[in-house]
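Asker: Sequence:
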Amino acid sequence: MTEAGDAKRYIVLDPDGAGSDQGWVFVIVAAATGVVYQNQGGGTGCIQYEQEGYLIPVLGQGLDDDLREIFVGELKGQGARRLDWPADRLDRLRAAVAFHVYGSANRDDLFPLPLVLDESRLSEVDEAWVPVVTPDGPGVLVWENSD
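According to the numbering used here, the sequence shown is numbered sequentially starting from 80.
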């Protein structure tokens, strides 16, 4: 996966596609780290997305339930890239991504802040790949693809 002279390291978040049957959710905060995280998204489209940065795990049971309800239930696992987002569905997506996460240790605040849907990047939203704004800047919310 690495090109000659490419010092970046690539990490596939669900390399065997088996998932955990309990769901998982991560935030990849965009940063020049030399580590590129890859996640399959797009429902049955099986698109390989990637983001350089650092990974923040979001801990808890059933965290991807609301996301799955939107992308698998309502959108039938067909992916959502460049989809028009009606106001009610967009409101549900905003709520579904509003996980509270801690920023980096370089920050003065000690309380977790909510992720915010990055609406300037709505055309990039897809199943298992949603652009967000984190306490440390732009990032992507990822979870296990449904296919």
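Take the hints with a grain of salt, since some may be wrong.
DEER-style ranges, computed between Cβ atoms [said to hold, decoys possible]:
| # | residue 1 | residue 2 | range |
| --- | --- | --- | --- |
| 1 | ARG200 | CYS125 | 13 to 23 Å |
| 2 | ALA174 | LEU138 | 17 to 27 Å |
| 3 | ARG160 | ALA109 | 31 to 41 Å |
These are calculated hints, taken from the structure and not from any lab test. Here a beta-carbon is modelled for each residue, glycine too, at the ideal position from N, C-alpha and C.
Asker: Starting from the range 31 to 41 Å, see whether the pair ARG160 and ALA109 falls in it by beta-carbon distance.
Answerer: About 19 Å separates the Cβ atoms of ARG160 and ALA109, which means 31 to 41 Å is violated.
Asker: Measuring from beta carbon to beta carbon, are ALA174 and LEU138 in 17 to 27 Å?
Answerer: Cβ of ALA174 to Cβ of LEU138: about 19 Å, so the range 17 to 27 Å holds.
Asker: How does the Cβ-Cβ distance of ARG200 and CYS125 compare with 13 to 23 Å: does it lie in that range?
Answerer: holds (21 Å)
Violated hint for the displayed structure: number 3, the only one.
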